[in-house]
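Sequence lines, in order, name chains A and B. Taking my numbering, the leading residue of the first sequence gets 484, the next gets one more, and so forth. Taking my numbering, the leading residue of the second sequence gets -7, the next gets one more, and so forth.
FYI, nobody ran anything at the bench for these hints, they're computed from the structure. Ideal placement from N, C-alpha and C gives every residue a C-beta, glycine not left out. Any given hint could turn out to be false.
[Stated by the list, open to error] Stretch-level coverage of chain A by chain B, calculated; a stretch enters the list once three of its residues show a Cβ under 8 angstroms from a Cβ in chain B:
#1 490 to 504
#2 597 to 611
#3 618 to 632
#4 636 to 647
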Amino acid sequence: MPSYILRRLLLLIPTIFFALSFLFFLFFVLPGDPAQLIAGGADRSPDPGVVARAADRYGLNDPILVQFANFWKRTLQWDLGESFINNRSVNDILGEKAPRSLRLAFWAVIIEIIIGISVGLVSAIRRYSLSDKLATVGTAAAAAVPAFVLGFILQYAFAVYPQKHDWPNWMQLKTSRLGPDSWAFFAFPMEDQWRYLILPAFTLAAVSTALAARMMRGSMLEVMRADYMRTARSKGLSERAIVMRHGLRNALIPVITLIGIDFATVIGSAVLTETVFSWPGIGSQIADSIGSRDLPVILGLTLVVVVTYSIVNLVVDLSYAWFDPRIRLGQGAEV
Amino acid sequence: MTMVDPHASAPAAGIPSGGEAGIADVTAEAQPLRADVIKRFVRNPLAMAGLSFILFLILVAVFADLIAPYGFKESTQPRVSRAGPSSDHWFGTDIVGYDVFSRVVYGARISLRIGILATAMALTIGVLFGSAAGFFGGWIDSLLMRITDVFLSIPYIILAISIATVFGRSENSIILVLGLTGWLPISRIVRASFLGLKQLEYVEAATALGFSRRRIMFRHILPNALQPIIVYGTVSIGAVILSEAALSFLGVGPRPPTPAWGLMVAQAGSGSLASAPHILFFPGLAIFLTVLAFVFVGDGLRDALDPKLK
């Protein structure tokens, strides 16, 4: 087991290296000269002297391999560079935006766990019932609706419409932006913050909640057929004890894995959700930076996302063995 | 194109899709006959609803010129912008004064074209790489697995917008982007199937008969590995349409005035929510229904081909 963890950790290094290098070279072939961009924007024609100084300052005249080496040299020292647009250090941007994205993701995962697992569980126990059918259609719908459409619909239904028709204040949620930005214990909304949090959190959670519910249903149905469930029944245990103690515990294993892997869906959907709600986190920052070709910011933030994602995946794989001791990692288990 | 393929009824029922090498699981199950598969599919109301919607959408796309009262970049006469739905303009008019209904109708062409072509491209690349990796094993397999590791470690949407930024904003470049990123999971599914299937006796028999490796791969193994590919491919058309909408929404898709649905939602933006929500609602609904239809058909195919999973 320890050697397996070590091997996986070692495999992470080349994976992350190649992923980031790919993006580095990808952005290097982008049309448009970054020096022009720094000196005054892509479409205007800035003073050539300013362009030359900008190119000089950021080392943009060096051969690409030198720039590539420099990129890795400073990245390894945890210096993510500075923005082409406003000279802000990417480390600062990260420090400011990451907590906001994490808070949003935290609540999205809570929603996913509570709603996803309970819907899937009910679906499986009452298989082919009306609630099961509704859940099947509902989860398919939640997975098919684009985050930006869902976001706008929720905004319309819970913020714009109530506001237009002068509903009492307590029934109105807020459409966009961060709000007062006041939190207790990092992630718990204070004052009016919940009004700003709730819509983006549900939007972000939609797709993964649907997937978790479907997975939970499938997994629970499979577990219910297992021999140990029949044994539990024949012991005369109550249906509740059978489902909860023997069924749920075993059925949860693949779902937990899914929720972990789903972190990627959450990140991806965060780009859209944060843009729709003008939530100033990492996702909307990446979208903005791609729009303005702000390479250091894109690369820096993507690095953080890729590293986090890879580590979460590793932890999820390991937890699989933790939850189900029958699974042996290592020899023969190709990664 | 969503009809059930005859090859799919071959005995691949025990192959876990997408999982790691499901070697132990490969058993020649009772072969679901083609007629049974079609019968099960037809009896599934959601799948049939999805299929009808897709056929309807294809008709709309083909006859868009006849259906749409205006061109997709033709201003209404007299020019009215942000008008609500009425008998003249079923879906209202947008900010510029274009007829939203006409644009949604023309948008069906774009979505279907991108969805089908990008999926075809992803399937071609994915099947070639996946079958080579699963069949030959060794360094080809390791290389492929490491390459997919690298690209799958970048969250999909970030990968797609990055590549889209490089390719520029046009319909064709979106097809390339989605095709070039979409093959990764397909190659893993195909690889897993091939790993299991290549150990079966009929492959051994074909080898003993001296058939070429290419013939064994594509004539003997591939038809039996098609089932998960068909299911994934169908759902994938919907997923590609969804991604296209997202890329258009983020401003890396086709340029205005192309009537791409995602772009229409983005152009309406949150500014129109209070005054003219219909500009945003109808193209959004079109994306939603289209994706849902492909998901239902994909699920229906999966259940019809392998009823024990239901």
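Hint compliance check: list the failing hint numbers for this structure, sorted ascending.
2
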